[in-house]
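Colleague: Chain by chain, the residues:
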Amino acid sequence: MKPFADLLERLLYSPGRLAKIALLRDYFATTPDPDRGYALAAMAGALRFPGAKAATLRKLAADRTDPTLFALSYDFVGDLAETIALIWPGSAAFQPPSLPEIVDTLAGTKRDDVPVLLADWLDRSDPSTRIALIKLLTGGLRVGASLRLAKTAIAEIAALGADDIEEIWHGLEAPYLPLFNWIEGRTPRPDPASAPVFRPVMLAHPLEARDIATLDWSAYRAEYKYDGIRIQLVSTPGGTRLYSRTADDISASFPDIMANMKAHAVLDGELLVARHGVIAPFNDLQQRLNRKKPSAKLQQQYPVCIRLYDILFDGTEDVRALPFDTRRTRLEAWYATHTPPAMDLSPQIPFTAEADLAALRSTARTDGIEGLMLKRGDSAYLPGRPRAAWWKWKRDPLTLDCVLMYAQRGHGRRSSFYSDYTFGVWDNETLTPIGKAYSGYTDDELTTLDQWIRAHTTARFGPVREVEKHIVLEIAFDAAQISPRHKSGIALRFPRILRIRTDKPAHEADTIATARSLVGLEAKQDQGTLSPETPARR
Amino acid sequence: MPPHPETWLRVRPAGLYCEPGDFYIDPLRPVERAIITHAHADHARPGHNRVLASAETLAIMRARMGVERAGTSQQPLAQGETLTINDVAIQLIPAGHVLGSCQIVMDFQGSRAIVSGDYKRRADPTCSAFMPLPCDVFVTEATFGLPVFRHPNATDEIAKLLASLKLFPERTHVVGCYALGKTQRLIALLRQAGYDQPIYLHGALQKLCALYENFGIPLGDLRPATIAVRAELRGALVLAPPSAIADRWARRLDDPVTAAASGWMRIRQRAKSGGIELPLIISDHADWDELCTTIIDMQAPEIWITHGNEEALIHQATLMGRRARALRLIGYGEDDAA
Ligand SMILES: [Zn+2]
Ligand SMILES: [Zn+2]
Numbered sequence: 001m002k003p004f005a006d007l008l009e010r011l012l013y014s015p016g017r018l019a020k021i022a023l024l025r026d027y028f029a030t031t032p033d034p035d036r037g038y039a040l041a042a043m044a045g046a047l048r049f050p051g052a053k054a055a056t057l058r059k060l061a062a063d064r065t066d067p068t069l070f071a072l073s074y075d076f077v078g079d080l081a082e083t084i085a086l087i088w089p090g091s092a093a094f095q096p097p098s099l100p101e102i103v104d105t106l107a108g109t110k111r112d113d114v115p116v117l118l119a120d121w122l123d124r125s126d127p128s129t130r131i132a133l134i135k136l137l138t139g140g141l142r143v144g145a146s147l148r149l150a151k152t153a154i155a156e157i158a159a160l161g162a163d164d165i166e167e168i169w170h171g172l173e174a175p176y177l178p179l180f181n182w183i184e185g186r187t188p189r190p191d192p193a194s195a196p197v198f199r200p201v202m203l204a205h206p207l208e209a210r211d212i213a214t215l216d217w218s219a220y221r222a223e224y225k226y227d228g229i230r231i232q233l234v235s236t237p238g239g240t241r242l243y244s245r246t247a248d249d250i251s252a253s254f255p256d257i258m259a260n261m262k263a264h265a266v267l268d269g270e271l272l273v274a275r276h277g278v279i280a281p282f283n284d285l286q287q288r289l290n291r292k293k294p295s296a297k298l299q300q301q302y303p304v305c306i307r308l309y310d311i312l313f314d315g316t317e318d319v320r321a322l323p324f325d326t327r328r329t330r331l332e333a334w335y336a337t338h339t340p341p342a343m344d345l346s347p348q349i350p351f352t353a354e355a356d357l358a359a360l361r362s363t364a365r366t367d368g369i370e371g372l373m374l375k376r377g378d379s380a381y382l383p384g385r386p387r388a389a390w391w392k393w394k395r396d397p398l399t400l401d402c403v404l405m406y407a408q409r410g411h412g413r414r415s416s417f418y419s420d421y422t423f424g425v426w427d428n429e430t431l432t433p434i435g436k437a438y439s440g441y442t443d444d445e446l447t448t449l450d451q452w453i454r455a456h457t458t459a460r461f462g463p464v465r466e467v468e469k470h471i472v473l474e475i476a477f478d479a480a481q482i483s484p485r486h487k488s489g490i491a492l493r494f495p496r497i498l499r500i501r502t503d504k505p506a507h508e509a510d511t512i513a514t515a516r517s518l519v520g521l522e523a524k525q526d527q528g529t530l531s532p533e534t535p536a537r538r
Numbered sequence: 001m002p003p004h005p006e007t008w009l010r011v012r013p014a015g016l017y018c019e020p021g022d023f024y025i026d027p028l029r030p031v032e033r034a035i036i037t038h039a040h041a042d043h044a045r046p047g048h049n050r051v052l053a054s055a056e057t058l059a060i061m062r063a064r065m066g067v068e069r070a071g072t073s074q075q076p077l078a079q080g081e082t083l084t085i086n087d088v089a090i091q092l093i094p095a096g097h098v099l100g101s102c103q104i105v106m107d108f109q110g111s112r113a114i115v116s117g118d119y120k121r122r123a124d125p126t127c128s129a130f131m132p133l134p135c136d137v138f139v140t141e142a143t144f145g146l147p148v149f150r151h152p153n154a155t156d157e158i159a160k161l162l163a164s165l166k167l168f169p170e171r172t173h174v175v176g177c178y179a180l181g182k183t184q185r186l187i188a189l190l191r192q193a194g195y196d197q198p199i200y201l202h203g204a205l206q207k208l209c210a211l212y213e214n215f216g217i218p219l220g221d222l223r224p225a226t227i228a229v230r231a232e233l234r235g236a237l238v239l240a241p242p243s244a245i246a247d248r249w250a251r252r253l254d255d256p257v258t259a260a261a262s263g264w265m266r267i268r269q270r271a272k273s274g275g276i277e278l279p280l281i282i283s284d285h286a287d288w289d290e291l292c293t294t295i296i297d298m299q300a301p302e303i304w305i306t307h308g309n310e311e312a313l314i315h316q317a318t319l320m321g322r323r324a325r326a327l328r329l330i331g332y333g334e335d336d337a338a
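Protein sequences, first through last, are from chains A and B. Numbered according to the numbering used here, the first sequence spans residues 1 to 538. Numbered according to the numbering used here, the second sequence spans residues 1 to 338.
Keep in mind that the hints were calculated from the coordinates and are not lab data. Note that beta-carbon positions come from the ideal geometry of N, C-alpha and C, so glycine has one too. Every clue listed holds true.
Each pair of labels, with its calculated beta carbon distance range:
no.	chain 1	residue 1	chain 2	residue 2	range
1	A	Lys487	B	Gly203	22 to 28 angstroms
2	A	Asp216	B	Ala163	49 to 55 angstroms
3	B	Val11	A	Glu445	56 to 62 angstroms
4	B	Ile296	A	Glu445	57 to 63 angstroms
5	A	Ser218	B	Lys272	50 to 56 angstroms
6	B	Pro30	A	Arg454	50 to 56 angstroms
All chains should be modelled from the sequences, with the hints used to inform the complete structure.
Modeller: Put into structure tokens, the structure is as follows:
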């Protein structure tokens with residue numbers, strides 16, 4: 001547990017992505033099995049310890065410390081787990097429990113015996129191990145790095161990419177021995193066989209002015225770009241799963257989709273709320289996201305469907321190496337055969353010249369469509385963003401995907417909520433704040449954000465909370481201007497939250513370079529219906 | 001019956017004052033006669049008339065504030081020697097805090113008070129070890145006077161720094177450390193751990209390192225950390241004052257790992273809000289266990305606390321059967337980054 005605790009501590013303090021990967025890689029390369037596997041499981045949130053509660057620990061600490069000294073210490077430190085870890089007298093010789101010891105022992109311990117066990121572990125540990133232990137056992141473990149980053153680091157050991165791990169991930173279990181055996185070259189890659197694993201998705205580049213000039217339009221097929229969330233629907237003899245494009249298993253939230261998927265395939269598409277063929281605004285879809293068990297009423301009120309645009313496995317056959325045009329034919333055939341309810345095909349838009357598309361793009365104003373997708377007819381389905389294979393041509397240039405950095409309580413009606421947000425974009429490895437927004441979200445979104453912020457605070461500065469860098473906010477604004485007064489050098493005019501990009505990992509948020517490229521552009525008058533609310537103060 | 005120290009040692013606006021001796025200890029404003037425990041800026045202030053201290057403390061004061069401001073007349077007092085001022089016998093004994101740091105022992109008509117100044121009990125290759133001596137009143141600091149402060153072994157923290165240098169061989173490691181004491185101790189600990197590479201110093205740290213070397217404390221290959229040698233600084237260790245870590249100076253380095261060596265690094269929030277990537281818990285102050293041990297070692301029935309987290313230590317001293325009170329001296333502990 002000590003090496004894992006040390007890793008967590010360094011991750012906590014390291015802002016840079018590359019530094020985090022280096023730390024993770026060093027840990028996974030030098031830590032033996034099964035310790036590192038359980039560490040990975042802890043990072044994946046796959047370890048549960050129902051017998052250990054915060055109250056148990058509080059009582060243990062109270063039994064061993066003077067109440068006045070404890071109160072003064074807690075007041076100074078501000079974090080209960082940290083206070084307990086630091087004030088714990090720690091009498092025994094330094095011999096912290098290993099992660100496997102913790103997992104195995106707790107699994108075989110009766111609830112009543114847990115406190116004695118915990119006390120012994122705390123006695124044998126140093127403060128940083130104690131903090132990690134307490135947070136791990138009480139479910140408050142916050143790793144300063146995403147699971148994706150851990151996968152990236154592990155893959156690097158074998159000079160691979162995180163996607164190589166994603167492809168088998170959902171077929172693996174803690175402590176992931178087959179994974180590490182493969183990474184270290186002792187065994188071939190684990191075969192997910194018939195397990196319904198996630199397959200890394202293919203992503204598009206944003207189409208920019210310089211690309212437009214050189215594009216060979218005839219090589220591309222056009223589709224609408226939908227304003228839903230990208231999903232992957234997997235059905236194999238081993239089961240059916242619905243994944244977000246970040247490989248989160250979201251099956252439980254969409255029983256209506258799961259019930260309809262009878263035939264085997266791996267499909268790529270957009271999850272949308274649609275009523276009688278009309279796509280509802282993104283807000284409607286938001287009502288269905290993050291609901292673990294949606295009621296029948298909710299399912300009826302917000303009916304979801306999948307607009308299919310690609311096929312990765314036809315039955316059990318991997319068709320990813322086939323060109324896009326061929327896959328499209330296979331997709332159409334598969335759809336014609338099975339025609340599952342609440343699924344349809346993303347129509348291809350006929351065009352003959354660039355001008356047709358430009359016109360289409362600028363008139364595409366319906367809800368649920370945010371621009372066009374251009375896909376090369378001869379492109380294989382490859383993970384990541386292969387150059388010049390897929391392009392996204394967004395309608396509204398004046399939005400940025402930013403990462404939530406700080407939150408502050410609002411005023412008046414919102415005074416009990418963390419409703420004022422500071423967000424940033426990437427400047428190399430770190431986030432630079434680029435603006436503040438007080439509006440644009442629904443009450444439900446506000447409640448969700450507020451709860452998330454309270455649970456993921458990493459620092460407090462008076463009324464301001466710094467949060468884990470995890471939430472991506474799509475920010476709309478009227479203009480971006482050069483501003484030496486701002487740290488980022490850019491000021492956004494009337495920034496407001498367009499939506500919470502639950503589908504996007506923080507490291508894929510926009511960069512300062514992208515933000516700078518928007519300076520001087522003005523949003524067109526007809527853009528969006530959101531009238532910017534004048535900030536309440538300043 | 002000997003007079004209780006509270007009858008002859010009092011708190012005045014200028015600081016702790018010994019009435020029969022007519023002198024102040026670490027006065028906070030200019031006075032006629034001052035005895036200085038150690039040369040940190042919050043204890044050794046400029047502009048006194050007569051100054052008594054260890055030879056090392058006087059030398060550091062001259063180096064830092066210039067000869068004129070370090071006292072109109074300076075009088076060194078060696079260890080083992082006693083100086084009597086108006087019936088008060090004064091000795092200086094080591095406090096283990098920084099080079100030259102001393103506790104002030106005062107004997108007056110059979111009653112003894114000892115003022116610790118700042119101190120620690122851990123081994124430090126750059127200064128003499130704290131010496132306990134029985135007394136009637138022990139005047140202690142309490143910078144880390146909470147049971148959450150138990151400093152780890154400094155050697156383990158140094159190992160952390162060396163491991164990070166190995167893990168990030170391309171990145172400059174900048175450690176924020178106070179110019180007097182922390183810097184030299186850090187260097188000495190690194191040398192003890194076998195680190196024989198050049199160590200680069202911010203300009204503000206160079207003078208005192210040279211002074212330590214003149215007092216016979218070898219610090220190895222030290223070089224100025226100027227931006228001219230930026231390429232040379234890749235993968236190297238740079239020491240700088242804490243204030244330089246956050247400002248432009250450090251930002252001119254290539255993708256630096258910012259570290260800080262201080263007892264406050266124990267609290268995650270402190271490290272995090274300071275933007276520190278590698279906190280090193282290395283302190284020149286006594287931690288909670290050392291404070292408690294020292295109370296026992298000094299065998300004093302009464303404890304006075306000059307500055308720090310006094311509330312918890314008063315409570316603890318009371319639990320240990322001592323009388324304890326806070327002197328509430330405002331102005332200490334502001335400047336030495338603990
Ligand atoms: Zn000091
Ligand atoms: Zn001090």
